[in-house]
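Number of protein chains: 2
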Amino acid sequence: MSKIIKIAVDAMGGDGSPKKIIDGIIHHFQKNKNTYYQMFGNKDKILNHINNDIPKSSYEIIHTTDIVKGTDSPLEAAKRGKNTSMWLAVQNVKEKKSDIVISAGNTGALLVISKLNLKMIENIDKPALSALWPNKKGMSVVLDLGANIECSPKNLIDFSIMGSSLFKSLYPNDNAKVALLNIGSEEFKGNEIIKETYQQLNLKKNSDFEFKGYIEGNQLMNGDVNVIVADGFTGNVALKTAEGTANFITGELKKTMTGNLLGKISSLLNIYNLKKFKARLDPRLYNGAIFIGLDSPVIKSHGGTDYIGFSNSLSVCTKIISGDLIQKITKNINQ
Amino acid sequence: MSKIIKIAVDAMGGDGSPKKIIDGIIHHFQKNKNTYYQMFGNKDKILNHINNDIPKSSYEIIHTTDIVKGTDSPLEAAKRGKNTSMWLAVQNVKEKKSDIVISAGNTGALLVISKLNLKMIENIDKPALSALWPNKKGMSVVLDLGANIECSPKNLIDFSIMGSSLFKSLYPNDNAKVALLNIGSEEFKGNEIIKETYQQLNLKKNSDFEFKGYIEGNQLMNGDVNVIVADGFTGNVALKTAEGTANFITGELKKTMTGNLLGKISSLLNIYNLKKFKARLDPRLYNGAIFIGLDSPVIKSHGGTDYIGFSNSLSVCTKIISGDLIQKITKNINQ
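Chain order of the listed sequences is A and B.
Here my numbering is used: the first residue of the first sequence is 1, the next is one more, and so on.
Here my numbering is used: the first residue of the second sequence is 1, the next is one more, and so on.
Keep in mind that the hints were calculated from the coordinates and are not lab data.
There's no promise every hint is true.
Unchecked claim - Straight-line C-alpha distance at most 27 Å; calculated BS3-like pairs for lysine-lysine:
no., chain 1, residue 1, chain 2, residue 2
1, B, Lys328, B, Lys205
2, A, Lys189, B, Lys79
3, B, Lys254, A, Lys137
4, A, Lys189, B, Lys69
5, B, Lys126, A, Lys189
6, B, Lys254, A, Lys254
7, B, Lys136, B, Lys154
8, A, Lys154, B, Lys189
9, B, Lys204, B, Lys154
10, B, Lys319, B, Lys6
11, A, Lys6, A, Lys177
Claimed, not checked - Output of the computed footprint for chain A on chain B, the stretches with three or more beta carbons under 8 Å from beta carbons of chain A:
no., stretch
12, 15–27
13, 144–150
No experiment lies behind these values; they were computed from the predicted model shown.
Each residue gets a CB set at the ideal place from its N, CA and C atoms; glycine is no exception.
If we strip away everything but chain A, and leave its shape as in the complex, we get (with noise of 0.2 Å):
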């Protein structure tokens, strides 16, 4: 039997909770019995949901009151102090009592308050934010998604390694393939930023990923690669811009299919197949980010998902410390 897995669960963050979170433990423990939910927050009403449907050596619950609002700014979540769910679970890990944190809270705080808990890994600048994102062939990872608006050519290098290290804790069997993300294929295009980095990585002796160069926002969904590395503000204008346009097409494919009655009628007989684009597509499957750079990881899951897209943020977990990712980006960043 492998080792016990050890997550710190801001129970009180995002839409839901702490329901959502609970159900999402329980959705998860399902498929993972060899994980430990410490749990912060409010005990009764976190009680209120468990019910006996995870084992009582399986959790702990931390009790506490304070939480930090979705509406704080960073400075005022910092303020409310240590007794907040979020700070209690942060703390957590940076005591080794756990060995990874999540929350579905405020991502602002949730960056600030790790920030001011935990340590970089040595000879990382900067810590990044970043995601999945589906691709024709499987998931890509993409960093920085907005923590660092500026980045240095050192910064975009030490992405590129923390992003292939995470690539291969969740997808050990593929090979990690780093791009940077550019506003053409040549070697001479971009700014003088991604210019010195191209060159950098390209003389680069990489043992854990193979650098293939720019790659433009269009072919981004190829799969040609799967570790996408930006500054923070295009990450974040990317990110979000593939967001918006899903949400538009398939807001007005929907309004298509169920215009009259015969597109209603047809997408009736269609549905399993609509059902099976829709499972596709799912941003359940890639719910939330990973804030990566910091000595113990940390993950975002976003404020707005279900308990089913908590619990793919929990298997992400999992997975980052079955696949070793602090140790991976230790090795690869001293190489």
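Guided by the hints, dock chain B onto chain A, whose structure is given.
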């Protein structure tokens, strides 16, 4: 009868030219009898496709056998000299013999040849590449799409003025609503350049557009604003990511809809609705790009579009001239 609009057409650019170009002209002429087409290229090849579909009084052919290749670098294209169909077409607007110039050829070459021949509009520092982009309520103008990788606040303000002037030329009955593409909607988000631009646009008294602040990537297609301003790097990444996402989703949808017999039958039943969907998102509707900031507008049709797409780009030409784009920009920049 309104004034005849004279369009300089590079008949040799893009895939399938000159047939596609001529077919596009014939299609455009059906609804735009007040147009006079000046076609630059190989006279025999062009005449092969015209037959008697346009009266001789509505066009002329300026013969040349020199062409810019799709694979030319901008420098190589310029070195091919002043006898290429592209150069001659641009020169014709320079000499005020045409109102506007259009090419479906090499984008980089068209930008460089235009900059070499045409003057900047007074008080505009840099020209921008703009395009149309569908949203829930209609169309948006987006700029810059890659002509300027790094931009100052002055550049972004110029783009706001040029973009809203373009929007008003194309949609005279709508109000132009400008937003800056950013990674958050709060005033303090973004880099220094974007924050400074925000402050200046907020103070500016704009007679011709309303400044709506920041917009994030996921709101681009909501239709709340219709002029989206970014530096060329960010704009290019956003546009191409949207394109890639749209292709990915429609590809996945196609697989789903035709994956088995049931899918095939119900898609067949639903073909009318699917056609409506396709029509709504038809990329030919917003084909091409508009290069603005020079004292004549330059239109770039997509090289891969068909004659309908090219005809739509010709309609953009007609609207820009009827809408007095250059006069609008000149007036608004000096306010």
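- State the violated hints by number, sorted upward, taking the hints as numbered earlier in the document. 7, 11, 12
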